Amino acid sequence: MNNVYFENIDQVGKLYLEYVFYEFEYEPILFLCTDKNKNLYLCLCSEIRYEQKWIITKCNMDILKLLLNKEIDIASAFLISKEAIIVTMDLKGNEKNFKIPMSKIDPLDLPKEGTFIKGNEKALNYLLKKEIKKIQTQLKITIDISYNNVIIERENNSF
Numbered sequence: 001m002n003n004v005y006f007e008n009i010d011q012v013g014k015l016y017l018e019y020v021f022y023e024f025e026y027e028p029i030l031f032l033c034t035d036k037n038k039n040l041y042l043c044l045c046s047e048i049r050y051e052q053k054w055i056i057t058k059c060n061m062d063i064l065k066l067l068l069n070k071e072i073d074i075a076s077a078f079l080i081s082k083e084a085i086i087v088t089m090d091l092k093g094n095e096k097n098f099k100i101p102m103s104k105i106d107p108l109d110l111p112k113e114g115t116f117i118k119g120n121e122k123a124l125n126y127l128l129k130k131e132i133k134k135i136q137t138q139l140k141i142t143i144d145i146s147y148n149n150v151i152i153e154r155e156n157n158s159f
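According to full-length UniProt numbering, the sequence shown is numbered sequentially starting from 1.
None of these hints come from the bench; they were simulated from the model.
Check each hint, because a few of them may be wrong.
Taking CB as the label site, the calculated pair distances span [to be verified]:
hint	residue 1	residue 2	range
1	Lys133	Glu83	22 to 32 Å
2	Asn157	Ile132	32 to 42 Å
3	Glu27	Phe98	19 to 29 Å
4	Asn156	Lys104	53 to 63 Å
5	Asp106	Lys140	18 to 28 Å
Each computed EDC-like pair below joins lysine to aspartate or glutamate, with the alpha-carbon atoms no more than 16 Å apart [unchecked claim]:
hint	residue 1	residue 2
6	Lys96	Asp10
7	Lys133	Glu18
8	Lys122	Glu51
9	Lys36	Glu7
10	Lys36	Glu18
11	Lys130	Asp62
12	Lys130	Glu47
13	Lys118	Asp73
14	Lys82	Glu121
15	Lys96	Glu47
16	Lys38	Glu18
17	Lys58	Glu23
18	Lys133	Glu51
19	Lys129	Glu18
20	Lys122	Glu23
21	Lys92	Glu51
22	Lys65	Glu121
23	Lys53	Asp106
24	Lys70	Glu121
25	Lys65	Glu131
26	Lys38	Glu121
Being a predicted model, the structure only gives us computed values, none of them experimental.
We put the CB at the ideal spot given by N, CA and C, even for glycine.
With these hints in hand, go ahead and build the complete structure from the sequences.
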């Protein structure tokens, strides 16, 4: 697994840093995390002055593809979800998190409308690798099922 980025998200557990789109002074600003089940989460650091604040929403390959192909802007990628997880960390490092309906998110916490991920060839390569891995996994499952069916059929025919 990658590096743990969020330690104890309610009803999720640990989130592992998967891919960074944008960073500021070595801190990820717009990035992806995964949980232990490989679910994707789109994360945005929306505050860094007096506390750190992140908005986290579940994401999937379809949303990611729309985002990276500039078919939806960054804010829209977050607003697709019905709820978000808000994580805050004070200056002493105390972290809290809670769920909130997306309708309660302050629009000023999201990138302004029409802000896209720009010219990120590395991100497109990341997406391609994720899609290839997904296809390989599906193919392996199909092959395993087919193989098991052949074995079962042979066993049934031998009786």
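Structure-based check of each hint:
1. Lys133 x Glu83: 22 to 32 Å: holds (28 Å)
2. Asn157 x Ile132: 32 to 42 Å: holds (37 Å)
3. Glu27 x Phe98: 19 to 29 Å: holds (22 Å)
4. Asn156 x Lys104: 53 to 63 Å: holds (58 Å)
5. Asp106 x Lys140: 18 to 28 Å: Given range 18 to 28 Å: violated, Cβ gap about 44 Å.
6. Lys96 x Asp10: Satisfied, since the Cα-Cα distance of roughly 9 Å is no more than 16 Å.
7. Lys133 x Glu18: Roughly 14 Å between the alpha carbons, so the hint for Lys133 and Glu18 holds.
8. Lys122 x Glu51: Outside the cut-off at roughly 30 Å; violated.
9. Lys36 x Glu7: holds (12 Å)
10. Lys36 x Glu18: Satisfied, since the Cα-Cα distance of roughly 12 Å is no more than 16 Å.
11. Lys130 x Asp62: Given pair Lys130, Asp62 holds - Cα atoms ~11 Å apart, limit 16 Å.
12. Lys130 x Glu47: violated (29 Å)
13. Lys118 x Asp73: holds (10 Å)
14. Lys82 x Glu121: Violated: Lys82 and Glu121 sit about 29 Å apart, past 16 Å.
15. Lys96 x Glu47: holds (14 Å)
16. Lys38 x Glu18: Distance ~10 Å between Lys38 and Glu18 Cα, so the pair holds.
17. Lys58 x Glu23: violated (20 Å)
18. Lys133 x Glu51: Violated: Lys133 and Glu51 sit about 37 Å apart, past 16 Å.
19. Lys129 x Glu18: Holds, because 13 Å separates the two Cα atoms, which is no more than 16 Å.
20. Lys122 x Glu23: holds (14 Å)
21. Lys92 x Glu51: holds (9 Å)
22. Lys65 x Glu121: Holds, at roughly 13 Å.
23. Lys53 x Asp106: holds (12 Å)
24. Lys70 x Glu121: Distance of about 13 Å is within 16 Å: holds.
25. Lys65 x Glu131: holds (10 Å)
26. Lys38 x Glu121: violated (23 Å)
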